[in-house]
Amino acid sequence: MIGRGDLFEAIEYLRREGEGILARFARSKRGVAYAALRFEAVFNRAGAAVGGEPRDGSESESAAYSVSVHVAGTTGLVGHGQTGAEIGALACRPAKLVAELQRGLADAYDRARFSARKKADLIAHLGDAAKGLLVAQIPQREKVRDDVAASFRQDPRSLSTDALKKISLDASREVTALGDAIAYQVVAAMTELRREIFIDTAGTVVSQAYAFSQADCYVVAQIGDGHQESYDSIGQQRGLECLSDGWRGELMPNPDLARFCVNLATEARELAAAPILRPPDGEVVVVTDPHFNALVSHEVIGHPCEADRALKMEAAYAGRSWFLRSLVDNQLGKAVASPMLSACSDPSLDGYGHYRYDHEGTRGRRVMHIDRGIFSGFLNSRATAAVLGVEPNGSARASEGWHVPLIRMSNTFFLPGETPPEKIIAEVERGYYVCGHQIPSISESRENFRISARRVYEIDHGRIGRLYRSGSVIADSKSFFTNVDAVGNDLRLIAIPNCGKGQPMQVKRMSNGGPTLRSRARLAGN
Amino acid sequence: MRTLAELKSFTREAARILAREQDLASYEIYCASAEHRIARLNYTSDIPSRGLEEFKSLHADGFQLRIAMRRDPHEVGAASEAGDFSSESVRDALRRARNAAVVDPHFPGFPSVALGRKPELSEKSDLARVGDGAIAAAAWDVLDGALAAFAKRSGNDRFGASRIEHPGLIIGGDVSVIRDRIAIFNSNFAFADVRIDESAHFNASVTSIIESLDAKGTAGALGDCADAMRRAARVLGRDAVRRALALAHGARPASGKFRVVLGAQPVAEILNYMVMGSLTTGAFHAASSAYHAKFGAPVMDSRLSLADDPAFSAGPIRRRITCEGIPTRRVELIRDGKLVGLLSNFYDAHRLLTDEHRAEKLGASAPAKLDFAALSGYRLGEGAGRRFDASPGAAGTNVVMRARRGLTDRELVRAVGDGIYVGRIWYTYPINGQRAGDFTCTVSGDSYIIRDGEIAEPLAPNCLRMNANLVDVFEHPLAVGMRPHPATVWGSPEAYYVPAIAAGSIALAEVAAT
Chain A
1 MIGRGDLFEA
11 IEYLRREGEG
21 ILARFARSKR
31 GVAYAALRFE
41 AVFNRAGAAV
51 GGEPRDGSES
61 ESAAYSVSVH
71 VAGTTGLVGH
81 GQTGAEIGAL
91 ACRPAKLVAE
101 LQRGLADAYD
111 RARFSARKKA
121 DLIAHLGDAA
131 KGLLVAQIPQ
141 REKVRDDVAA
151 SFRQDPRSLS
161 TDALKKISLD
171 ASREVTALGD
181 AIAYQVVAAM
191 TELRREIFID
201 TAGTVVSQAY
211 AFSQADCYVV
221 AQIGDGHQES
231 YDSIGQQRGL
241 ECLSDGWRGE
251 LMPNPDLARF
261 CVNLATEARE
271 LAAAPILRPP
281 DGEVVVVTDP
291 HFNALVSHEV
301 IGHPCEADRA
311 LKMEAAYAGR
321 SWFLRSLVDN
331 QLGKAVASPM
341 LSACSDPSLD
351 GYGHYRYDHE
361 GTRGRRVMHI
371 DRGIFSGFLN
381 SRATAAVLGV
391 EPNGSARASE
401 GWHVPLIRMS
411 NTFFLPGETP
421 PEKIIAEVER
431 GYYVCGHQIP
441 SISESRENFR
451 ISARRVYEID
461 HGRIGRLYRS
471 GSVIADSKSF
481 FTNVDAVGND
491 LRLIAIPNCG
501 KGQPMQVKRM
511 SNGGPTLRSR
521 ARLAGN
Chain B
1 MRTLAELKSF
11 TREAARILAR
21 EQDLASYEIY
31 CASAEHRIAR
41 LNYTSDIPSR
51 GLEEFKSLHA
61 DGFQLRIAMR
71 RDPHEVGAAS
81 EAGDFSSESV
91 RDALRRARNA
101 AVVDPHFPGF
111 PSVALGRKPE
121 LSEKSDLARV
131 GDGAIAAAAW
141 DVLDGALAAF
151 AKRSGNDRFG
161 ASRIEHPGLI
171 IGGDVSVIRD
181 RIAIFNSNFA
191 FADVRIDESA
201 HFNASVTSII
211 ESLDAKGTAG
221 ALGDCADAMR
231 RAARVLGRDA
241 VRRALALAHG
251 ARPASGKFRV
261 VLGAQPVAEI
271 LNYMVMGSLT
281 TGAFHAASSA
291 YHAKFGAPVM
301 DSRLSLADDP
311 AFSAGPIRRR
321 ITCEGIPTRR
331 VELIRDGKLV
341 GLLSNFYDAH
351 RLLTDEHRAE
361 KLGASAPAKL
371 DFAALSGYRL
381 GEGAGRRFDA
391 SPGAAGTNVV
401 MRARRGLTDR
411 ELVRAVGDGI
421 YVGRIWYTYP
431 INGQRAGDFT
441 CTVSGDSYII
451 RDGEIAEPLA
461 PNCLRMNANL
471 VDVFEHPLAV
481 GMRPHPATVW
491 GSPEAYYVPA
501 IAAGSIALAE
511 VAAT
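Protein chains in written order, with my numbering: chain A, 1 to 526; chain B, 1 to 514.
If you're looking for bench data, these hints aren't it; they were derived computationally from the structure.
What you are looking at is a predicted structure, and each value in this text was computed from that prediction instead of being measured.
Just to be clear, a hint being listed does not mean it is correct.
Distance ranges between label pairs, derived from CB positions [to be verified]: (1) B:A246 to A:T75: 32 to 38 Å; (2) B:D227 to A:S348: 48 to 54 Å; (3) B:R234 to A:G333: 41 to 47 Å; (4) A:D121 to B:D227: 20 to 26 Å; (5) B:R71 to A:R466: 52 to 58 Å; (6) B:R234 to A:P139: 19 to 25 Å; (7) B:D227 to A:P139: 42 to 48 Å; (8) A:N263 to B:D227: 36 to 42 Å; (9) B:H476 to A:G333: 50 to 56 Å; (10) B:A314 to A:P139: 46 to 52 Å; (11) B:R20 to A:G5: 22 to 28 Å.
Positions of the beta carbon are idealized from the N, C-alpha and C atoms, including for glycine.
Produce the complete structure using the sequences and hints provided.
In structure tokens:
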């Protein structure tokens, strides 16, 4: 299967030798306060079809590492440096692997030492004007040793790539059979196995493996002057069986790939023939379904609950958080939503964002963000937890082996209530039923959002009426959450395959979701 | 990073190996070595911060093979390999490419365009050799300049921001150097030689937020030499802080339709997220272009022209061959308001030209004889460097918008009379899909109220959401700016040089203060 030795064997080599490599490096360089090494090997198979015809197949394997070094300068101020590189098959050869790691550590050390010196210079030069550079020490922690296996029935490495080509082509052909209204369609499927190891100078050695299988479908439907672009994904931390046979997990079920694509294309065709939403001015009652709420929970709960964003570290890129203006002026312990609304992140659940340890070796745990309307906590890393004066909750994760960990969502969602969704709709005299998320635009501190839906239906005297396309929900976040007056019992998680954050951008997989919710908001058409 | 000589030598050796394979009809070897070094700024006056939050580098070296099989020239496969430039790795990649092969009836083969005059290597910049020290020093200079500018205001700052106990000063952004080298060969190339290219540029952006004043100012620079990076670093922090101080305690207008001047950054952002993706052969083939059925027709005001220019003299990005080995040249996209060209890679150009629905997708104004040259086929990764394992896609380089009968910035403001100057927008997306042309975003800083044809008071950051369509901005502007200004868009591979545009009626909805 793999010609020149197994990249995944490098994990075992580093489990044996990695601590020694780090220890020798730390001993050989003055001022090293901490060093960490992460290595990841990935095997991926993919197939794609366009318009019912084959388009792509691939079988790839890769390996990458990243290292992080903290250096205390002569003044005691700490500088930080990182290096990341893709090294591929070089990882199969221990001597080359060690040489690469040593080179990366040396570069990171030089960067950290330089930063420590410049930081001291700036504080000496500007005095109090640079006082923000005085950082709290990251507390020591207990060392952790663990090995976490992946879950799958069909091993991504022992399949044939033909299976991926076939499953995408079969699905694409079924979409083609829907007729000329489908102007364009792409179906892509992939299955991959990732295995990673984290080692630090404090004695933690954690290895984890993940199987991911994912499919994406993009459809353009056109009927007369009407057109609809729809895009959606399904994915599980499982083998290809979750796409070929569908997945019947309680929280995040999905149909088989062909059914998923045909459903999306059928809906797009129906939407292309539907009128564009022309909503009334002012706020209306909106009932939002779990798929739509997945994007609300992602953009308006998950992102502003990332402590790096809240602590202004993302201010130049992805923005700040409306939950934290400063360490003394923030929403912690205050009402930000209706008492009916709760939201959390939980990496222990069986979703696309599942993991046991983050990329700093901290065990991930459930973090309540909103507890019955009260804002209650952020996702954090070890450094941001120290600033906030709380325990690390294991939320620092990188997208690839060569990336620096950022604070990331796991499975982030609104908690369910007890009301059946049918009852929530039946209680509405006039309003709109908003289904399926499409595209978000969120304000800088996530205090306001406009999110487009795939489908918007009128609700008239408790009954679902006419279907519209090109509708979106606009609201100030706190107002939307505070106006929630019904929470469904139909919690669903949705696989989100493409969350971008960082500089340069890292694209991460996770789950988001919630039950049906009822609130008030403005709607917009085009 | 690997040297060009190493990449070239490996590519020749790989070509020799592939040439001996009897079952291959044609093949391509593409090697890339890329490096992205980033000194990321993070200073907060009231929250402990590291100054340089991440001083890091990302390296990616590797190669990709694409093969077409002799038994069916439409049977094509690809495989890539990181790090290992050995003949063993070529053989392993070849095995995987064979496994991956599919019969794609639209595969057009590999480009056979002659290189013509052998262009000089485009990259003579000292950024190709600049070390960590210069990048880190530039980043700390930005921070030094920002903090010194803020501290200096303590004596004469009318708002007293730096005297208050918790000013909430934030300095963010980064100084980044992106460099890449490629070598490419395919069996259809004339003269049977390996083609090479390299480039290096820097991108520095700084955001200053003073939360106690509810103010945000930004500054940025692009360039292709170390000296320009050093000079930029000395002023960017200072400029961003000064701009933020000038925007203190801004107004929060009520929702309505406004006359608006869009500065260079908003115009670049709208082009990036709404227009450039529509100006590709891929988007026309997919029937998803905002200019569906409008090729050859007016799509913007007749004063506006748009082109992509990989040799733009003021631009930081220099490319002399595409990642498919085709010599680059300027691509005219919109000329005097009419859509005249598209960005394309080799596959998508062929796919659109052979599309049975081409006439409907391009529209009645399209010329009968068409040729979409594949002048924009790049294989890019995060940070816009060339990646060894990416597939060729259509992307721009230096995107330049020019305007005839343009006005000065002062005259643009005067043309608006009463309205809003929008200096920065954020999170711009095609809210109803690309083809609909609808977009939404928020006004995030560097903005002012315009009253009686003059800049009046500042606008609070993040207080308005824009809900508009491309037509509102580009089809019937009140006036257009005289000169293109540089602008970058987060996450975009392109550098933009665009004028300001005054639009007659843009819907802006109030965002509640937090």
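Status of each hint after checking the structure:
no.	hint	in the structure
1	B:A246 to A:T75: 32 to 38 Å	holds (35 Å)
2	B:D227 to A:S348: 48 to 54 Å	holds (53 Å)
3	B:R234 to A:G333: 41 to 47 Å	holds (44 Å)
4	A:D121 to B:D227: 20 to 26 Å	holds (22 Å)
5	B:R71 to A:R466: 52 to 58 Å	holds (54 Å)
6	B:R234 to A:P139: 19 to 25 Å	violated (38 Å)
7	B:D227 to A:P139: 42 to 48 Å	holds (44 Å)
8	A:N263 to B:D227: 36 to 42 Å	violated (58 Å)
9	B:H476 to A:G333: 50 to 56 Å	holds (51 Å)
10	B:A314 to A:P139: 46 to 52 Å	holds (50 Å)
11	B:R20 to A:G5: 22 to 28 Å	holds (24 Å)
The structure is inconsistent with the numbered hints 6, 8, although it conforms to all the rest.
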